[in-house]
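Residue numbers (this note's numbering), protein chains in the order written: chain Z, 5 to 198; chain W, 5 to 198.
It should be emphasised that the hints constitute simulated quantities derived from the structure, not laboratory data.
One or more hints might be untrue.
Copies of the same chain look alike in the list, so a pair counts if it fits in one copy or across any two.
As the list claims (entries may be wrong) - The calculated lysine-lysine pairs, modelled on DSS-like cross-linking and capped at a C-alpha distance of 30 Å, are:
(1) 25 / 155
(2) 122 / 155
(3) 155 / 87
(4) 155 / 65
(5) 65 / 122
(6) 122 / 25
(7) 87 / 122
Number of protein chains: 2
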Amino acid sequence: MTESVHSHIDIALVHFPVYNKSGEIVTSSVTTLDVHDISRIGRTFNVGMFYVVTPLETQQKLVHRLMDHWLEGYGSEYNPTRKQALLNTRVVNVLDDAVADITQRRGERPRTIIPDAKRFPQSRSYREVREALQDDHPYLLVFGTGWGLEKGLVERADIVLAPIEGLNGYNHLPVRAAIAIILDRLLGLGMGAE
Amino acid sequence: MTESVHSHIDIALVHFPVYNKSGEIVTSSVTTLDVHDISRIGRTFNVGMFYVVTPLETQQKLVHRLMDHWLEGYGSEYNPTRKQALLNTRVVNVLDDAVADITQRRGERPRTIIPDAKRFPQSRSYREVREALQDDHPYLLVFGTGWGLEKGLVERADIVLAPIEGLNGYNHLPVRAAIAIILDRLLGLGMGAE
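Excised from the complex, chain Z in its bound form (with noise of 0.2 Å):
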């Protein structure tokens, strides 16, 4: 595989508008450790951009004091890998945005993807997606936080993933685990791999 093979896909953690535990839509906040763990499985799996989706100005501050810890402060040089891992990181105010800055850097707007547990007349197989990852037109997988992306959002998406599954009615994954196992899916060398 060569350097970009993945350069157009780009992916992006949402904390707003999400459902809490009573249904409710709220923001979320932001789990700095979501947003290394993030940055490392992306960078692994050699995504273009990954973008923290939250219109909080405390929390965005949150991600940039961060950022700036590892990219330019002590960290810099301390571990350089987490250094590597949030070069591509980015903070947004709304998913729109993500979406604007993706079409403005490479001329086209991005396919959106996005896991849901419902299905839709856009929901898609892993084997299926996998494939159209093979074109080159730009795509932005999208994962929500909390429990969940606001379904208008969901519904809006040019194409529904299945979520992964747990094979005992226990589906309680961590965001971040849920990402790796997608991209890995979607992106990862696979299973003859040795």
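Fit chain W to the given chain Z structure using the hints.
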């Protein structure tokens, strides 16, 4: 799939003996987040037991305190999915204690499977190991922390598995992300799922 489909597979996260950045053999610190995430990931893929391996008493106490909080204390009501995940988590001194516990519980010594970047005579592909796991012999999947498991441990593994390869020379996945991907490759419902 039935409820007990992977109950003949256990997992272990080893904090000693592992390498540090300088290649010395050390005991790495337990990350409580790893305990939570890997418990959830194991539960999702319906594995049997999750062994946290550390010989340090202070670290063992840390894990037990965490488990008490979520299994018995306030946490058990606040977050029952976390409780469910931790029910099959155990702390042991050394990897051999996990092997002995499994041998006693299952009446047969488990075959050990260890991911490692180097090739060994017993190296196998994901596809081969996924097929091997279809029998009902007990297996123990062993994961290292820090800069990887001491090589004597890997040499004694029954099966060595390829690591998750980055697509761009970047190989710094968090261990919890690597475990999620490996369990999905070996035990997941696979690409056709939709």
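Outcome of the hint check:
1. In this assembly of identical chains, the alpha carbons of residue 25 and residue 155 lie at most 30 Å apart only when taken from the same copy (15 Å versus 45 Å across copies).
2. When the C-alpha separation of residue 122 and residue 155 is checked against a cutoff of 30 Å, the pair qualifies only within one copy, where the shortest distance is 10 Å, while the shortest distance between copies is 45 Å.
3. Taking CA atoms no more than 30 Å apart as the test, residue 155 paired with residue 87 passes between copies only; the shortest distance there is 29 Å, against 34 Å inside one copy.
4. In this homomeric assembly, residue 155 and residue 65 come within 30 Å of each other (Cα to Cα) only inside a single copy, at 28 Å, whereas the closest approach across copies is 43 Å.
5. Taking the shortest alpha-carbon separations for residue 65 and residue 122, neither the intra-copy value of 34 Å nor the inter-copy value of 42 Å comes in at or below 30 Å.
6. With identical chains, the CA atoms of residue 122 and residue 25 are at most 30 Å apart within one copy only, with a shortest distance of 17 Å there and 45 Å across copies.
7. For the identical chains of this complex, residue 87 and residue 122 are inter-copy neighbours only, at 26 Å across copies versus 37 Å inside a copy, given an alpha-carbon limit of 30 Å.
Checked against the numbered hints given earlier, this structure breaks only hint 5.
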